[in-house]
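Peer 1: Those protein sequences? They're chains A and B, same order as listed. Each residue of the first sequence is one higher than the one before, counting from 1 in this note's numbering. Each residue of the second sequence is one higher than the one before, counting from 357 in this note's numbering.
Partial list, derived from the structure: chain A residues whose beta carbon lies under 10 Å from chain B: (1) P80; (2) M171; (3) D217; (4) P221.
Note that these hints are calculated values from the structure, not bench results. Positions of the beta carbon are idealized from the N, C-alpha and C atoms, including for glycine.
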Amino acid sequence: MSKVHLAGIGLACALGDDLRSSIESLRRGGVPPTPVAVADGIAWPVHLLAARGGDWTQRLRDTVREVAAQTGDWAERTAPLFVASSSLDIGFMEHEQQEKRLGGDLQDFACIVAESLDWKGPVFTVSTACTSALNALLAAADLIRAGEADEALVIGAEMGNRFTVAGFGAMQLLSPDGARPFGQGRNGLVLGEAVAALRLGSRPARWQLAGGANVVDGRNPSGTEASAVHAMCRGALAQGGLHPEDIDLIKVQAAGSPVNDAIEAEALKQVFVPLPPLVSLKPSLGHTLGASGAAELALLVGCIEGGAWPSADYPLDASLGIALCEEAPRRLRNVLLNFAGFGGGHASLVLKDTSP
Amino acid sequence: MTAWRTVAHFVAHPPPEEWRDDLARRIGRRPRRVGVWTELAMYGARCCLDAAGEASLPAGARIRVSSQRGAWGATHAGLAQLDAGLPMPFTFMQSQPALMLAEVGRCLDWQGDASFALCRDPARVLQLAKLGAPREGLLFGIVEEERNAEPARSEWWRLVPA
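Chain B with its partners taken away, still in its complex shape:
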């Protein structure tokens, strides 16, 4: 079994008040029409990579993201729009985990193997992510929107085979 080394671990739980400004500063633009869940993922991924001292994620690395609730707010809003008539295109897009993967890749200026998976046991998702991963390693994130009393969370690990 491959041993893994944690190059960086970034936790925003909850994110600081000015996290959106921080993200804009780090990636040189303000994300538009992506939804808060995707924006949280972008923020955590970029901060984790910065903490790892990597300007860009190697092309061969994997990105894996997990979340129990996903884009809860956008999905709820989209369903409410459907009740009233039709969902708005951007709300519908924001409800899809795949859009988050696209935007995380875009903000890292990266093209590669990114996927979204979950399991009741989060450790299994990380274990699965490591299987077959290339030597360039893994950028693994858990991202949750704020909901009820639970604060938003964007927690990421940059992992490479030891």
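Chain A extracted, bound-state conformation:
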């Protein structure tokens, strides 16, 4: 069975149009979110991609092309392509006349992505809300492990739209001022736009996808479930042949929700004794929903390799009994990345540093 490695990374997010500029921006303290008006008198802060010319579709094409190019040259472009998104092309739809809306299907967004890359391989859409990109990674890894493909490209994309912002606002999940994961007085999440590309391959590279797990628990469709956090962590560790004490860093899901952050913190403490260092990327990126699995993995690898680290500029909630590390842990062999979200989705990935 083939091992799966990370062969290339691309990222465009609120911090920058590529990974290098994003890391530099993070070093300077990041960028604040921008208010996005969703209705008269109602606006929510969002971490926006840099403004570009052209209509919504053109912006998508240009961004995808640039981000995919960061993963290196794809000579044949016949590998499987996974496009992960929660909002898909809703940002295009909301500008269409009502009678012309949704004339196509859910694959249209992935087709635009594929066309913009002149992609010739099979194209999959994965849409499981905040775990979309992680599930796309797990599916792509299944293909490579089974020997059905030598490479695969996973693109996580959340492009600007009012529908998602307004929907999360209607569900009272958004913060009016800023995301403070695990923070004192946290009052909700802040959304973010991002396009991230992850090139997976069977050929050895520094980072290996050592294990992963996806767990859906429908008991609380908009919240984190402790037993599902346990199951996703343990499932990912088991697939990687690892134990809790083998994990050197956890990239947490925490988005700033008063309740969900507390459930996650408690559940992690039940699996990991003692708790390894924790890092949160959402204050820097925003919650990039379906893209987050790719965008946060890309940014985290960029931070580790680039020697930058996100810092929490707010007091943490002492009652949670956790801390966010202020620099990369000295020993960093196995990293666990956790994601959870809408629809009871919980997903974990173990990233292993194979460098000597």
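Following the hints, complete the assembly by docking chain B onto the known chain A.
Peer 2: Chain B alone, transformed into the frame defined by chain A:
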């Protein structure tokens, strides 16, 4: 390559007139605020599992769902609500495929690996679903709302490695 055995295959295309009553009877409650697409998925999944003679889906099994149009009605309604002001929270939730996965899992009293994916070639989605699947197998569904002249469809397979 692993060979697979079909334990049950359930087709509702279109579903019978009383399908909602049938679902309520099978799961012991009437789904509330989930939207018709999700309800169709719940109906097909439960019927397929019943046809397989399984009271519950094994925890290690996978659920995979595919659809070309997804929650078309809820998405359309949500966009219309946005035009008029703001989408209603339940309409927004109903537009998300992830909510369907949550409700299918809940009606099967199951926690596990569920995902939603599609491809222009539906056979590739099933092939992908089988890769890496555990010995407990797979519950695979294709669910479409009624639209224009096309009837609603909820078609499911319970598959296990042979």
